[in-house]
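What follows is the residue order along each chain.
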Amino acid sequence: MHIDLRTVTIKPLRHTYDHVARRIGGDKPASRYQEGTFDLQATANFHYRPTWDPAHEIFDTSRTAITMADWYAFKDPRQFYYGAYTLARAKQQDTAEANFDFVENRGLAQALPVELKDAVLRLLVPLRHVAWGSNMNNASVCAYGYGTAFTQPCIYQAMDQLGIAQYLTRVGLLLGDLDTLDEGKRAWMEDDAWQGLRRYVEDCFVLQDPFELFVAQNVALDGLLYPLVYETIVDDVLSSRGGTAVAMLTQFMTDWYGETKKWVDATMKTAAAESADNKALLETWTSHWRDRAAAALLPVARLALADNADSVMSDVVQQFNSRQAKAGVAI
Amino acid sequence: MDMQATKKKLGLKERYQVMTRGLDWEPSYQKKEDIYPYVAYEGIKIHDWDKWEDPFRLTMDAYWKYQAEKERKLYAIIDAYAQNNGHLNVTDARYLNTVKLFLTGVSPLEYMAHRGFAHAGRQFPGAGPRVACLMQSLDEIRHAQTQIHALSNYNKHYNGLHDFRHMHDRVWYLSVPKSFFDDAVTAGPFEFMVAIGFSFEYVLTNLLFVPFVSGAAYNGDMSTMTFGFSAQSDEARHMTLGLEVIKFILEQDPDNLPIVQRWIDKWTWRGYRVLTLVAMMMDYMLPKRTMSWKEAWEVYFEENGGALFKDLARYGITMPKCAETIALEKDHLSHQAWGTFYNYGAAAAFHTWVPEKEELDWLASKYPDSFDKHYRPRLEYWREQAAKGNRFYNKTLPMLCQTCQIPMLFTEPGDPTKICYREVDYKDNKYHFCSDHCKEIFEHEPEKYIQSWLPVHQIYQGNCFPEGTDPTAEGFDPLAAVLQYYHLEFGRDNLDFEGSEDQKNFDAWRGMATKNA
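Here the protein sequences line up with chains S and F, keeping their order. So the first sequence is numbered by the numbering used here: it starts at 807 and just counts up by one. So the second sequence is numbered by the numbering used here: it starts at 27 and just counts up by one.
Please note that a few of the clues may not be correct.
For lysine-lysine, the following DSSO-like pairs were computed, each having C-alpha atoms within a straight-line distance of at most 27 Å [what the hints assert, rightly or not]: (1) 1067/S x 91/F; (2) 530/F x 817/S; (3) 1085/S x 881/S; (4) 336/F x 273/F; (5) 991/S x 58/F; (6) 77/F x 834/S; (7) 39/F x 991/S; (8) 1068/S x 273/F; (9) 77/F x 35/F.
Everything labelled a hint here was simulated from the structure, so no lab data went into it.
Isolated chain S, as found in the complex (with noise of 0.2 Å):
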């Protein structure tokens, strides 16, 4: 059945802004996304240097070694606006707080064995640093970067880099207390099995090239990382042994990198498919980050999985390594 409900019609003079429908060939209709996206960055006519860079204008192409003919190139697979992108985010931590609601509920977290238990808190609260640091790495590819629809996305996962180092507070002040949270930072900073995993992420933090920083932070470190821990260790290592509570409090972090990755691989796809030279300077910067990644990863990997370490960290890599492939970076 169809009913017709009338209102007065208007014939409209336009039906995006201009810079948009430059893009988009034509004056249609626009996505929110769209009209929250492009150009939204100044390109032209900035009136100072930056008192604390004076070799670059404000936003400037060449703080990267990639070029871009246009950085409104990218595109978020996900189409994320401050709007859609909240919405998202409210939703999945709706189901994260259902899931730590159950676990503290039932008691779950204390029927956890005790071994096992003790791995999941010698694993994951250390991480709570990992992800502070893509925070921080995320906060200035987002500064520093070129274009709007490369640099958006990276405040939300600069923020959701945040959102998943207090889950992983959580997990610990839940599974622990906060000696426990104490103990992961002295392990992080003192026990050799993260000094590999530290030095990367520090060394990140003076990286100067807003791309090559992506590459090594959302591409090579998380692209491991999260396969590894995430996917594997909790998911089916831990869960086989009586520890599937573990997997309901990470679950957050789990579909985030399932959705995330979307974006960094179809970031990836258009900077290499644009030039010959961008492919070869990615594939050099993703091999290079991805052996550090892998070799600060295995002893961190082998605190949970003891001798399976190195067979799994190689199994991760190989994915990884198809992954890149499909995005058009051979390594």
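Given the coordinates of chain S, assemble chain F onto it according to the supplied hints.
Okay, now just chain F, sitting in the frame of chain S:
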């Protein structure tokens, strides 16, 4: 269960600390000065970042939840307003010019704030301020986008909004807000926080954001009103951050005081000069006025700001010197600004007009000491001339102030009959200023302000014509070429409101919506 009972319960403050600064660590593989390279050169001394008091305690899960709820409501109202042709309910079509000024002049600044706070939120060595800044960075992209989305329906029906982003980087009067924000983000991270976090968000927000939103509420613009109200709780967080920054810096070291005082003086003045556009909007562009500019200044700066500076006196901060000059200008500012835009109405992306008789009376009642004496006769003369077919459009370009970039339209403090000119010789060039304060700002950092991209200079240098223009060709019309460079459509975006396409369409559409044709 026994274990659970022995667990220490965390207080709110402690809990927030482990959720934020507890995540940070002292690096050892890289040097701190390499990780935070921009924190020292301004001369601000910070001894203990842990003394930072978190101005609000919002973890990301709570943030997502609250903000998503606000977004849901906001977009539902924006959609309903558009579907119902809500734009036809504004007081009259002149109001739309306020929206144009906002979208072209202010929304791009929200985006700049987003990037600026991402930069500050990366650069402070203290984890507490970093988190607070990043959250503001996220809020600011929200504000830019909700404004663009909320005003999108106006763009579909009215002129002047269609290429706001392109215009913001080029059009002469838009270089005033643009250079203001460029100035702030090119300063060091501490100055940025004092400029935007404190002076702009805390001291001046009631004179910028609030007049636009209140004006919208008074004039039936539910779109602008709704995004304004929806941003209110974000703004409250931003204001507490701005205040905490000032207190924190001042408590850290007595040597910080003179630096901060100079920044407050500078940014109060820089901000006030941008508010010239708001003053004229309040007094001239709103068909239904909320209050006069002068009243707003007295309530929000002289009273509220006075109380704030009294509160800051314990740190040694004093009321900015420029407040005295501003007090002398408050009877004149909006009238001088509107007069200028009326003159340059051919080169503006909104319409100008002479107010109706009862509006002139309203202005006279709000400005008894200045309006009838200095400004009414001029407006009445322009109206007479327009009625005779001599609507006056000034086609020569004005001299701009090197600092604030506003045409030299302001009068001497205390003498509204004489234009105020100041100049400085620097490295074989002469630089011009609208006031002592703009001159002082220049003299403190000449190497910065000689870089200013002054629209008038740029036009004369031939940098503001479309690519491929030949200025030596016969019949070359420089104004037409500049408007093309601006993407400003002659006869649609500019000129007098009387006879404009906006005026005609609004009347026709309102007729369709309210009458049986």
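Here's how the hints hold up against the structure:
no.	hint	in the structure
1	1067/S x 91/F	23 Å, holds
2	530/F x 817/S	14 Å, holds
3	1085/S x 881/S	18 Å, holds
4	336/F x 273/F	13 Å, holds
5	991/S x 58/F	18 Å, holds
6	77/F x 834/S	53 Å, violated
7	39/F x 991/S	20 Å, holds
8	1068/S x 273/F	43 Å, violated
9	77/F x 35/F	23 Å, holds
Comparing the model with each numbered hint stated earlier shows that hints 6, 8 do not hold.
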